[in-house]
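Read top to bottom, the protein sequences are chains A and B. Each residue of the first sequence is one higher than the one before, starting from 3 at the first, in this note's numbering. Each residue of the second sequence is one higher than the one before, starting from 436 at the first, in this note's numbering.
Hint data in this document are derived by calculation from the structure and do not stem from the laboratory. Where hints are given, some of them may not hold.
Label pairs and their computed distance ranges (CB to CB) [claimed, not checked]:
{"no.": "1", "chain 1": "A", "residue 1": "109", "chain 2": "B", "residue 2": "441", "range": "32 to 42 Å"}
{"no.": "2", "chain 1": "A", "residue 1": "109", "chain 2": "B", "residue 2": "563", "range": "44 to 54 Å"}
{"no.": "3", "chain 1": "A", "residue 1": "164", "chain 2": "B", "residue 2": "697", "range": "51 to 61 Å"}
{"no.": "4", "chain 1": "B", "residue 1": "510", "chain 2": "A", "residue 2": "20", "range": "36 to 46 Å"}
{"no.": "5", "chain 1": "B", "residue 1": "458", "chain 2": "A", "residue 2": "28", "range": "27 to 37 Å"}
Please read these numbers as outputs of a predicted model, since none were measured by experiment. Glycine included, each C-beta is placed from N, C-alpha and C at the ideal position.
The lines below spell out each chain.
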Amino acid sequence: MNSTLLNNVLRFVGLLILQIFLLDQINFLGYINPMVYILFIILYPVDNNRWSFMFIAFALGILLDTFQNTGGAHAAACLTLAFVRPVFLKLVYGESYLMKNLKIIRTPIDRLLLLSVLSVITHHLIFFSLVIFNTSQILYTLKLTLSVGIATILIASLFLIIFKPKVKS
Amino acid sequence: MQQIINFLIKYRNLLLYLFLMVIALSFTIQSHDYHRNTAIHSTGYLTGNVLSTKTGIYDYFDLDDQNKKLSTENAMLRMKLLEISDTLLGEESTFLFTDNIPYKVFPARVMKNDFYKSDNFITIDIGSDQGIESDMGVICPTGIVGVVDRSSDQFSRVISILNSQISLNAQIKGTATIGSLKWDGNNPYTMSLEDVPRLAKVNKGDTIITGKQSTTFPPDILIGVIKDAELTENGSRYKINVELFNDMTNLDYVNVIKNRDKAALQVIDTLGTNE
Chain A
3 MNSTLLNNVL RFVGLLILQI FLLDQINFLG YINPMVYILF IILYPVDNNR
53 WSFMFIAFAL GILLDTFQNT GGAHAAACLT LAFVRPVFLK LVYGESYLMK
103 NLKIIRTPID RLLLLSVLSV ITHHLIFFSL VIFNTSQILY TLKLTLSVGI
153 ATILIASLFL IIFKPKVKS
Chain B
436 MQQIINFLIK YRNLLLYLFL MVIALSFTIQ SHDYHRNTAI HSTGYLTGNV
486 LSTKTGIYDY FDLDDQNKKL STENAMLRMK LLEISDTLLG EESTFLFTDN
536 IPYKVFPARV MKNDFYKSDN FITIDIGSDQ GIESDMGVIC PTGIVGVVDR
586 SSDQFSRVIS ILNSQISLNA QIKGTATIGS LKWDGNNPYT MSLEDVPRLA
636 KVNKGDTIIT GKQSTTFPPD ILIGVIKDAE LTENGSRYKI NVELFNDMTN
686 LDYVNVIKNR DKAALQVIDT LGTNE
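Extracted from the complex, chain A is given alone in its bound form (with noise of 0.2 Å):
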């Protein structure tokens, strides 16, 4: 088992319990619960086989699923960001992000930042928008989508901070 296969498996896993387990139990003002888990997402290896990525995407929104019961509303967020993530990637890292081996973990905070709040925003959008699911209610959907989101962002660039590898200078 190579190191990046292990390292990807221990992320999901990790990041799983600790939504679970940690994130999910914070109801800060009673409703603030940030979502981390989508940094698996976000920092998954880049290659050009997105189909796997799709399906891995999917079932990690799904399992999450189960454990909050909502249908398949992570489900269908985490699948359209991983759908959309090369758009993301393009956008913040320019053009010819395939040909320079990118880890995405290795670069600039600022980058990171970035394509981190991209694809909190459009999770979020959309988990939201399906949990609520009432056409309505879109006030109160766009006030999670920016109180999460903000949380989820804190967190996750929190998390960035203490696990990005040092540069070597």
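Fit chain B to the given chain A structure using the hints.
Relative to chain A, chain B alone:
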């Protein structure tokens, strides 16, 4: 033919995306439909056991709080017992402990509780092995919690009263005025009592209790107090905002209620319609 294959290869990512998205959306739509059994739920073997491990860990953090709640409830029960033994002085009282009591109460623990969605569910740690069936009522020491939706061997899913699909029979204490209790999806501390006739006496601060028409809950269980009321439907009906007694965001020990006479009552209620 070649073109079709080329098309499939060219758009394979998009097609996979659409395929999986349809699955996810159908799960989502099912989960918002109260009457249909969903495939994705938290009463399965793996999910249920992980959630109960989690409850086991988090138990240690609020033992103090729970002890206080239990002792308060004990005190209340003792008061009621004293009241009963006082009124039943010298009477036959063994009926209190026979098998044929009208309501059976099963204690349970909440393993998972939601309150920020528009359709919330609760998972509890007893199931069909303990005799839990769907449509049983769930209460807690300070009020009502929900109705059992489905149960597996060891776990059950409860439709929280904070669910837009739920509608419960409730009445104003001291009168026979009834209405249906619903949740509008915003505040986990308030619900609304709808379809109350305009001529009913509605006073701020009056207590709302479960109604006698309900076969799910025993009558006279406290729900909340009237916060304010407004006239709707051209002033013919009241819509009353009810402030709940119990804190739905902080649930731990609950009781599931089994009504002995439920089947018999439902047969009587549906009699006239089949003729």
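Going through the hints against the structure:
no., hint, result
1, 109/A / 441/B: 32 to 42 Å, "holds, 36 Å"
2, 109/A / 563/B: 44 to 54 Å, "holds, 52 Å"
3, 164/A / 697/B: 51 to 61 Å, "holds, 55 Å"
4, 510/B / 20/A: 36 to 46 Å, "holds, 40 Å"
5, 458/B / 28/A: 27 to 37 Å, "holds, 30 Å"
Comparing the model with each numbered hint stated earlier shows that all of them hold.
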